[in-house]
Amino acid sequence: MRRFVLGLFCALLIAGPAAAVLPEEQLTDPVLEARAREISRELRCVVCQNQSIDDSDAPLAADLRTIVRERLSAGDTNEEVMAYIVARYGSFVLLKPPLDMQTILLWCAPLLVLIPGGLVVALYLRRRGQVAAAESIPLTDEERRTLAAILKTGDAP
Amino acid sequence: MRRLAFILPVVLFLMVAAALGLGLRRDPSILPSMLIDRSIPTFDLPGVVPGDTLGLASSDFTGKPVLLNVFASWCVACVIEHPMLLRLQAQGVTIHGLDWKDEPAAGAEWLAQRGNPYTLIGSDPRGRTGIDFGVTGAPETFVIDGSGRVRYRHVGPITPEVWAETLQPMLARLETET
Amino acid sequence: MIAEIGQLALILAFMLGLVQSVAPLLGAHRGDSVLMSLGRSSALLQMVFVALAFAALATAYVTMDFSVELVAKHSHTTQPLPYRFSASWGSHEGSMLLWVLILALHGGAIAFFGRSLRETLQARVLAVQGMLSVAFIGFSLFTSNPFSRLSPVPLDGTELNPLLQDPGLVMHPPLLYLGYVGFSVAFSFAVAALIEGRVDAAWARWVRPWVLSAWISLTIGIALGSWWAYYELGWGGWWFWDPVENASLMPWLVGTALLHSAMVLEKRGALISWTILLAILTFSLSMIGTFLVRSGVLTSVHAFAVDPERGFYILVFILIATGAALALYAWRAPAMRSGALFSPISREAGITLNNLFLLAATATVFLGTFYPVFIDVLNGEKISVGPPYYAITFIPLFVPLLVLVGFGPMLTWKRDTARAVLRRLRWPIAVTAVVAGAGLLVFGLAKVGAALAIALGVWLIAAAFMLLARRWGLGRKGAETGRLIRTTPLAFWAVAVAHAGLGVGTIGVAAMSAWTDSEVATMVPGQTIEFAGHRITMDALGPATGPNYQAEQARFRVEERGQPFLMVSEKRFYPSSQTQTTEAGIRREVMGNLYISVGESATPGAATVRLWWHPLVEWIWGGAMIMAFGGVLSLSDRRLRLAMPTRKPVPVEAAEVAG
Numbered sequence: 003m004r005r006f007v008l009g010l011f012c013a014l015l016i017a018g019p020a021a022a023v024l025p026e027e028q029l030t031d032p033v034l035e036a037r038a039r040e041i042s043r044e045l046r047c048v049v050c051q052n053q054s055i056d057d058s059d060a061p062l063a064a065d066l067r068t069i070v071r072e073r074l075s076a077g078d079t080n081e082e083v084m085a086y087i088v089a090r091y092g093s094f095v096l097l098k099p100p101l102d103m104q105t106i107l108l109w110c111a112p113l114l115v116l117i118p119g120g121l122v123v124a125l126y127l128r129r130r131g132q133v134a135a136a137e138s139i140p141l142t143d144e145e146r147r148t149l150a151a152i153l154k155t156g157d158a159p
Numbered sequence: 028m029r030r031l032a033f034i035l036p037v038v039l040f041l042m043v044a045a046a047l048g049l050g051l052r053r054d055p056s057i058l059p060s061m062l063i064d065r066s067i068p069t070f071d072l073p074g075v076v077p078g079d080t081l082g083l084a085s086s087d088f089t090g091k092p093v094l095l096n097v098f099a100s101w102c103v104a105c106v107i108e109h110p111m112l113l114r115l116q117a118q119g120v121t122i123h124g125l126d127w128k129d130e131p132a133a134g135a136e137w138l139a140q141r142g143n144p145y146t147l148i149g150s151d152p153r154g155r156t157g158i159d160f161g162v163t164g165a166p167e168t169f170v171i172d173g174s175g176r177v178r179y180r181h182v183g184p185i186t187p188e189v190w191a192e193t194l195q196p197m198l199a200r201l202e203t204e205t
Numbered sequence: 012m013i014a015e016i017g018q019l020a021l022i023l024a025f026m027l028g029l030v031q032s033v034a035p036l037l038g039a040h041r042g043d044s045v046l047m048s049l050g051r052s053s054a055l056l057q058m059v060f061v062a063l064a065f066a067a068l069a070t071a072y073v074t075m076d077f078s079v080e081l082v083a084k085h086s087h088t089t090q091p092l093p094y095r096f097s098a099s100w101g102s103h104e105g106s107m108l109l110w111v112l113i114l115a116l117h118g119g120a121i122a123f124f125g126r127s128l129r130e131t132l133q134a135r136v137l138a139v140q141g142m143l144s145v146a147f148i149g150f151s152l153f154t155s156n157p158f159s160r161l162s163p164v165p166l167d168g169t170e171l172n173p174l175l176q177d178p179g180l181v182m183h184p185p186l187l188y189l190g191y192v193g194f195s196v197a198f199s200f201a202v203a204a205l206i207e208g209r210v211d212a213a214w215a216r217w218v219r220p221w222v223l224s225a226w227i228s229l230t231i232g233i234a235l236g237s238w239w240a241y242y243e244l245g246w247g248g249w250w251f252w253d254p255v256e257n258a259s260l261m262p263w264l265v266g267t268a269l270l271h272s273a274m275v276l277e278k279r280g281a282l283i284s285w286t287i288l289l290a291i292l293t294f295s296l297s298m299i300g301t302f303l304v305r306s307g308v309l310t311s312v313h314a315f316a317v318d319p320e321r322g323f324y325i326l327v328f329i330l331i332a333t334g335a336a337l338a339l340y341a342w343r344a345p346a347m348r349s350g351a352l353f354s355p356i357s358r359e360a361g362i363t364l365n366n367l368f369l370l371a372a373t374a375t376v377f378l379g380t381f382y383p384v385f386i387d388v389l390n391g392e393k394i395s396v397g398p399p400y401y402a403i404t405f406i407p408l409f410v411p412l413l414v415l416v417g418f419g420p421m422l423t424w425k426r427d428t429a430r431a432v433l434r435r436l437r438w439p440i441a442v443t444a445v446v447a448g449a450g451l452l453v454f455g456l457a458k459v460g461a462a463l464a465i466a467l468g469v470w471l472i473a474a475a476f477m478l479l480a481r482r483w484g485l486g487r488k489g490a491e492t493g494r495l496i497r498t499t500p501l502a503f504w505a506v507a508v509a510h511a512g513l514g515v516g517t518i519g520v521a522a523m524s525a526w527t528d529s530e531v532a533t534m535v536p537g538q539t540i541e542f543a544g545h546r547i548t549m550d551a552l553g554p555a556t557g558p559n560y561q562a563e564q565a566r567f568r569v570e571e572r573g574q575p576f577l578m579v580s581e582k583r584f585y586p587s588s589q590t591q592t593t594e595a596g597i598r599r600e601v602m603g604n605l606y607i608s609v610g611e612s613a614t615p616g617a618a619t620v621r622l623w624w625h626p627l628v629e630w631i632w633g634g635a636m637i638m639a640f641g642g643v644l645s646l647s648d649r650r651l652r653l654a655m656p657t658r659k660p661v662p663v664e665a666a667e668v669a670g
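Chains as they are written, first to last, in our numbering: chain A, 3 to 159; chain B, 28 to 205; chain C, 12 to 670.
The set of hints was computed from the structure by calculation and includes no laboratory data. All residues carry an ideal CB built from backbone N, CA and C; glycine is no exception. Where hints are given, some of them may not hold.
[To be verified] Straight-line distance between alpha carbons at most 20 Å, and here's what the computed EDC-like set of lysine to aspartate or glutamate pairs gives:
| hint | chain 1 | residue 1 | chain 2 | residue 2 |
| --- | --- | --- | --- | --- |
| 1 | C | Lys393 | A | Glu44 |
| 2 | C | Lys393 | A | Asp102 |
| 3 | C | Lys278 | A | Glu145 |
| 4 | C | Lys393 | B | Asp64 |
| 5 | C | Lys458 | A | Glu40 |
| 6 | A | Lys154 | C | Asp211 |
| 7 | C | Lys393 | B | Asp159 |
[As the list claims (entries may be wrong)] Okay, the calculated bits of chain C under chain B, using three or more residues with CB under 8 Å as the criterion:
| hint | stretch |
| --- | --- |
| 8 | 188-198 |
| 9 | 336-349 |
[Claimed, not checked] So the derived label-pair ranges between C-beta atoms look like this:
| hint | chain 1 | residue 1 | chain 2 | residue 2 | range |
| --- | --- | --- | --- | --- | --- |
| 10 | B | Gly142 | C | Ala613 | 30 to 38 Å |
| 11 | C | Ala555 | B | Val106 | 31 to 39 Å |
| 12 | B | Gly142 | C | Gln591 | 29 to 37 Å |
| 13 | B | Glu130 | C | Arg568 | 32 to 40 Å |
| 14 | C | Ala338 | B | Pro110 | 54 to 62 Å |
Please construct the entire structure, taking both the sequences and the accompanying hints into account.
Okay, structure coming up:
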């Protein structure tokens, strides 16, 4: 009994969040089932709005989930299963866009901002810092009067 | 150099705006078929109508350009499309049918009620052949040339406009090729 | 009759907007006070008329006037009253009118409250605001008229989409719009400042409350949307990286950067061009968001309208507004240099870095959202960008950002040293290290990401508390802690609360990503299942009815450590609109939510029951609300609101770090 419960617990942990998968769809081999869930989460349901086939209730999604499991049971690797589906429905079905010459801009987006931006900021900070580190210069009388006026009225004269 | 940094935002923005403007003319929901210019997948399906021993197979798609129409008895838009298909059949267009994700009995009943525009019909209750074709729903129609290659896929019912503007000229052109 | 009044009011508002766009601008240029005051009065009048127009639409909805086409499309005789009212903004045309209303209200507020502003500045701001009004009222009038009549009048309407008939969703659009449109004030101020050619501390002091209130609304609006999706959509997701969700996230990210940048500008007069640019960007992203939802350029479950024609109009307007603003920026901003200096280790520098990371995150979301369009335009290929992309690009950006957030308020202005700030934060660092270590020990490498994320959340909360502790002189000899607590300014509390809220949200996200548990089973009445430490028995499965729907309802008796309680889940069918929804049963417990969702089953008399355990999921929205509350605290601090030209000098203690 304890082993059964432990096994069930482990199966649940490995299986991860069940979404639209029906009990009758699930594979008996927990490792294969886990792979099926992982692949399903990365495949878009093409008739739904922005859901993976793992999440979607649509009949086509159910069909594709079954096909994923069939291919896995037939011995395909994860990449082969994805390739099978992409051959039929196109790259659009991949929720993680492929990394190629076209999508390099997309994947490098954070770096494209951070690296040049970081350089700019670094130079900016260095320039500011150099001057800030210098001695501060005392106010002139004129500046003192302007300061007093600002403190009194909240606005420059 | 500093000036350049200040001009960058407006330049980038104009590029983005141009792209979005062009994007307005595209339809993001239309998925092009992966089979365009490729041979149809191999399949051999049983018939739908009782007594139909022929069914539909990939070997049936040689000789002349034909249409392959994906339909089902539960498909509402197919009802709308159906009279158009019957008209096309009367004009001599060869249309094969794929009864997709449908019990053969239901499909047969549906055709018996509304008429049968198809030359050959295949029953695909589990939808596997449909998936091999990349079908996303019904109705869909494929234009297949004389050498068994897919040349075009239309998603949705065939309206008179679709026929006149797209499918008919395409079939005519393909006829001259073979 | 009422619809005609509304139509007339809208037309009048449009004309007033034209006056508001031109007169004050001319007046400021010539120094003509009369023209400038015309700007104020037209802004106030415009506000009145737009409010009248909106009231007319709302009345038509509430009284079920089906001769108005919009009402016929989104209301029904059986529709409950609150949803008849909220349907006013439950459509493209109606929501556009709501947008226009909020724009007009803000314009009126600038006219009314802005009397302490430099007259020319206020005039120019009103002019820009007026131009925005003209564009959006024009859009409404010419392409999306909410008041068009339907003839013959139908006996009953098509009801509001049942998914929208929900209390959470009633408040979602108004809050979001208060956010989006609230940032228009910052935009107008930025453009006006560029026209004037100067930005000073008074400008920043004036802008900040508006940015803050817009930010607060947007935070709550986004949290509400996420919370709603969680309980309504039936599978417990809370963020989907849907294009429309991203459209709300982008202004929020840049708006957060703007908020902090404006703070630096006000306190130290630095980051002028940064702040102006961020102000322009934030509202531009709001407008791009509205473009996205209505143009059909991207498919989304949220899309209000799929109308490339309307989309084109909005795009043209964005092109003019943002294009002109950015062109003005390129021309004028280089001359607006601040003399303010600060060293690489200082609060200003920290905020600059903070802005950089937020912009990088925004770029990621922007590219992820629009890349499919770009590729489609480029070569017709269709790709899609889903959650896996954001998991790899967006989340790694937030890790260094969150670390930085802990440091930020602890840094002194102008000049600080690494050693000093690390010393100030030694307790939070120690606590975080302990939590991280414990997490790794307990959960092992399998959950290393989640353990570190929780440590990150703890870091933020600990750093926030440390901020307060230093202020209160805790652990310092001779400190009058009681008095220090009582005299802590609200703005100070605000920083600690807001950043702690961020930490709370981070912990919620971490827990949800790593420890969600689920089960799916076919159940019949009388059957029991064990799940996540609960005994769940299906008591009944049968039909139920509501005011405008029929349902198949499942009732569950759930026992957890002895105490039984009832949970209900049903699948509803709304006959008027022929739509189906799933209502999940949710039980909120201390450590998480138990979530039950029923579906059909092939087996007669049974139902497919899906169970989820969502650990600490409420902390996500709780954290967001705490952040928003921090914003409210800051807003309530009278010292920082505009009409305070004279201030009593407050003695600054040498040890005071933040202010």
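Structure-based check of each hint:
For the suggested pair C:Lys393 and A:Glu44, the alpha carbons sit about 16 Å apart, so the restraint of at most 20 Å is met. A hinted pair counts as satisfied when its Cα atoms are at most 20 Å apart, and C:Lys393 with A:Asp102 qualifies at roughly 14 Å. A hinted pair counts as satisfied when its Cα atoms are at most 20 Å apart, and C:Lys278 with A:Glu145 qualifies at roughly 19 Å. Distance restraint check for C:Lys393 and B:Asp64: the Cα-Cα separation of roughly 17 Å lies within the 20 Å cut-off, and the hinted pair is therefore satisfied.
In summary, the hint linking C:Lys458 to A:Glu40 is supported, as the alpha carbons are separated by about 17 Å, within the 20 Å threshold. This hinted pair checks out: A:Lys154 and C:Asp211 have alpha carbons roughly 16 Å apart, not beyond 20 Å. At most 20 Å may separate the alpha-carbon atoms for a hinted pair to count; C:Lys393 and B:Asp159 meet this at roughly 19 Å. Residues of the stretch 188-198 of chain C with a Cβ under 8 Å from some Cβ of chain B number 0, which does not satisfy the need for three, so the listed coverage is violated.
Residues of the stretch 336-349 of chain C with a Cβ under 8 Å from some Cβ of chain B number 6, which satisfies the need for three, so the listed coverage holds. Look at B:Gly142 against C:Ala613: about 32 Å separates their beta carbons, and that is inside 30 to 38 Å. Under the hint 31 to 39 Å, the C-beta atoms of C:Ala555 and B:Val106, about 33 Å apart, fit the expected range. Distance hint for B:Gly142 and C:Gln591: a CB-CB separation of about 32 Å, consistent with the stated range 29 to 37 Å.
At about 39 Å, the beta-carbon gap between B:Glu130 and C:Arg568 stays in the expected band of 32 to 40 Å. Between C:Ala338 and B:Pro110, the C-beta spacing of about 57 Å keeps the proposed range 54 to 62 Å intact.
Hint 8 alone, counting from the list given before, is not met by this structure.
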